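Student: One letter stands for each residue in the lines below.
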Amino acid sequence: MAEQINQVSTGKKIGFAVISLIIAAAYFTWLDYSLMNMQGLDYFYLFRK
Amino acid sequence: MLTGKVLGFITALLIVLIGGALLIILPNSGAVQLMHRAFHLGWPGALVIVGLLLYFQFFRKNDQNRSELVFKCVVGLLGYGMLFIAIANYAMNFNDESAGAPGEPRFLPISLVMFTVASFTMAMYFKGVRVLLQIGGFMFFVAACLAGFGNWLPQVKADPPPVEEKTADVKQMSVSERSDLGEKLIFGAVGASGTQGAIGKGQCPLCHGFQKGFLSERAPNLFGVPTRALERLTDPKYSQKDPSKRDTVQKEACPGCGTAQSAAEYIAESHACPNCYVVAGFGVKGTNDKESPMPAIHKPPIALTLDELIAVDTWLFAREGVDPPSPDEIEAAYKKFIPESDRPKPAGAPGAAPAGPVPGAPVVTGDEPVNEIFTKALCFACHTIPGIPGAVGAVGPKLVEKTNAPQRLKDPDYKGKATTVREYIMESILTPSMYVVKPYPDNIMPKDFGKKLNAAAINKIINYLSQLEEGKAPPKIE
Amino acid sequence: MAIITKQARKKIWAFLALGMFSGLLLLPLFLSLPTGASGADPVPAASAKAADAKSVEKSRDVWYKTEGPVVGAPAPKTTDGPKDYPRYNFESRVLLWVGLQQHLYYGSFVLAVPIFCMVVEYLGIISKDKALSRKYDQLAYDFVKISLTAYSLTALLGGIVIFTFLTLYPTFFTYLSGIFRPVMATYALLFIAESGTLYIYYYGWDKMREGFLKWVHVSMSVMLNVIGTVLMMLANSWIAFMQSPAGVDADGRYLGNIWHVIHTTLWNPINVHRLLGNMAFGGGVVAAYAAYRFLTSKTDEERAHYDWMGYVAMFIGVCFLIPLPFAGYWLMREVYAYRQQMGITLMGGLLAWLFIIQAVMIGALFLTTNYYLWQGMERMRGAERYQKYIKYMVFVLIACFIVWLTPHTIVMTPAELKAMGGQQHPVLGNYGVMSAKNGAINTIITTTVLSFIMYQRGNKIPTVKWAPLGNSFLFGFFTMAYINIIWLAIYGYYIPANVRVGLSVPQVASTLSCLFIGVTLNALMLKGAKDTGPIAWGQISVRSQYALIMLATSFTWMMGLMGYIRSSVRLFWHVNEIMRDNSPWAFTHTIGFGANMISFNVLFFWMTILFVFWLGSLGAKKAPVTAPSGQKVPIPASSH
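Quick mapping for you: the protein sequence lines, in order, are chains L, H and R. Under the numbering used here, read the first sequence as residues 1 to 49, first letter to last. Under the numbering used here, read the second sequence as residues 1 to 478, first letter to last. Under the numbering used here, read the third sequence as residues 1 to 640, first letter to last.
By construction, these hints were calculated from the structure, which means they are not laboratory data. It is possible that part of the hints are untrue.
Unchecked claim - If you want a taste of the chain R side facing chain H, the calculated C-beta under 10 angstroms gives, among others:
#, residue
1, E91
2, I192
3, S195
4, I344
5, I356
6, Y546
7, T556
8, W557
9, F572
10, F587
11, G592
12, G594
13, F613
14, G616
On a predicted model such as this, the values are computed, not experimentally measured, just so you know. Cβ atoms here follow ideal geometry from the backbone N, Cα and C, with glycine treated the same way.
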């Protein structure tokens, strides 16, 4: 497997993973909020109370 | 050498031996019955296989495959036997669940397991269709698991509700038809008036006795009421001349309604305003007969319509051989005591509340709001339950259980097993005689609520009652 | 030059043939139109007497609330006896149940398979790879071949059902057929069209192999499916009418508008649900067929072919299984909108336990799917690197499965209630609520998606430049999806019920995001990926084939179960709130009895269809022997 293409360093991998996690977290928060909003419900109900 | 063949022969022999032994030792056991049935169903096929076996054994002497063929016949016979025992089990235990049908459907998955075993066993010997048998056996296994699961769950069978006929125009009916309808409303069926415990939409027999000598502790026995009614009118307590002199909590059915002048009017007034006159000894305990435990019959939860009341009253007269008043007379009597706005509308008329259970629902499914459960289970007739309209009964204690139950549990006379409010209520519903609140008598409350109500309904009742507190507002009805 | 003209002539002929063909197909529709119109017209025969008596009587539609002229007779009031309910020495309802279920199984299969066939044949045409193209074409041909025998059986069973129905429920049958007269005529004509198309489609396969004719052939499969779907929708209108009648007044008198009778409120939800269900079921049956052929294969090529076929069929089945709950949700919502009591009987009352069985089965189906995919990874070189994750996935799946099947509130006996001290178990009750269950099933589906992605990249290593980023993103996305699903499940415990019900939407959306984004991204990453070795088709384990059979059996069982639920929710009505069932069998059976009957139907179906498969395999073996000898091969009977 020496000819493995696109070998990147572990540090870079972790960086990618962190960025991805942040993007995904943002996406899911948006998804939750907007879909609850579409039903006329408040996603952040517990925190506003 | 213990080859598959030898093993097969030995198994077959063993099974025959065990079967034979069973036949001799336990000729009446279920297993033998099963074998009998299987033989009954499958003997022609078995005969063919045995015939083949004999043919191969004695007429194919030169065939090199002879022993193989004979062996397959023996094993095939074994598989065939298993198959038919499974089928016999199916045939014996398949029933349509109508009352009295023999057999137990819960045993059917066993047949599937037997098919599974038979398929896999045969797959070992019949190479040509091995895969088919294995696949079949596997499918039988999957189906056996699912059917077994289905049979393991609690079994509820739902009977359809009785056909509810629309009340035809009572005035068009003959006297006997009208009287039959009345009997049905009181007892649930024509001719049921002599049966103890029969009860109909009007729910009268819950408290009233109707036959001479029948127990009637909670309310007067209504035998002979057409003649007795006229006597009641002359009772000074009835105060026929001036209703305002009555000592009861309610003096008149409606302001200015006046008093009854005939037997029909007396009965109508009693239905419309039970409090207007209380027969001595039948008042709510502790009120000195000033208040009646009976609900107004034209109001919910019983809410008989005028037509239905006419039919009921007709029966009261007709069954004693007395000529009943005409429907118009009875109707006039009710109109005298029930103002226009209070008259229940016949079912189906616009704006009428749905009468009885919604079509399609079992009598109490546990899905209804709790007030409906109280109504349908008839709790209201005897108990006062704050927050439940119409539940002002006084035959039994008031059900403010958040207040009552802890006291009852502390009572040295308490012999039950309950330790919490919820347990106490459940115990009181399911086994009412475990503890009887003083001064109420024992054996008044029916002991069969465990059969009439399902768990969901009981749970709702407990939820509600355990929140009721003396002097506090009742909880919201769910 | 000559060649072009020859081809042009061919084209013209093809066009003509196609035109004539479509004309023939549309003919029944035209024929049925006047029948439909006569139904809508109040004057003719049926109502002539009524018209004499008074001027045309008007009445109100029970569902659409429109006024219409009374055309039909009121729903008959039956009484228990040989006049309305003649019987053999057996429960009539059960006899009809068996007949209808068998007809439905075969019918669904026959409707579903041509759809696969159409897709696969089309894939074969557009595929540039000659070998693959031939492979697809062969597969499509195999599909039709299986469905052909099943088609005859469907027709035969349909006939049996009609005669059983007519014999055992004559009054009810007369009433229904009186209302649906125009629909039944159309149905019969469409059925003939369907048969004709199917036979031409099948026997014309070799003749229409090349060029333009091939396209004609494919369009014929489209036609076949259109007719099939219309047939199914017409049949659905009968059961939808029985469940949620419309187009008649409160006495059950037909009001002259056939469209109202067909288009009842539950018709379309049932149509969609059944179409998807048929596809999943058809996939299951074909997968089982492939498994059977795989297990009996003698050569490696055969094994490879049927392994591949099983995989494709399983894939199709599961693809249609995933949207099925959403269609079910729509149907259920419409049921609640139609009659709340009916919805409660289904979900919280008498029939609620059946839904628990269904839940268990759904869980088991997903477990089996995962198992098959993992087994499939064993035939790929390079997939070993994913093996180590499987044990964790098993753990997640089992844990979720257990939560998923924990019941919430159930019908209990008072004694059981007393023993448990309440309707909910003190500990397990917490996992029985909807919040936890939604979390569990979404986790199960997400995990299945993950399995599928692992399967797809089993023998491939992405080489695109952004692969590390893509991998990280997939990792991040799935991690957050899991966290989100579980977070929403926990969050549900702390907020009031009316807000909680809304949480299921983002939960499902998270799962679907994983499905679409995950699978798409993965597919993009695998473009031009480095192969670590081809998929060794045929080298899959025997166990995996039993997983396929398990899937097929479960699909069949579930279909029987859901059909039973749908049918028994009418309780004691022939036609809900219009015509009462007064036979001795108006009661609702216990769950156990239902489960026994469903098992019987499932096994009966599989026994017969395995027999059909077996017959097919006999024919296939003999074929090379008989064909060259020049004997007359009898054409399979097409006379029904």
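Student: Check each numbered hint from earlier against the structure, then list the numbers of those it violates in ascending order.
Tutor: Of the numbered hints, 2, 3 and 14 do not hold.
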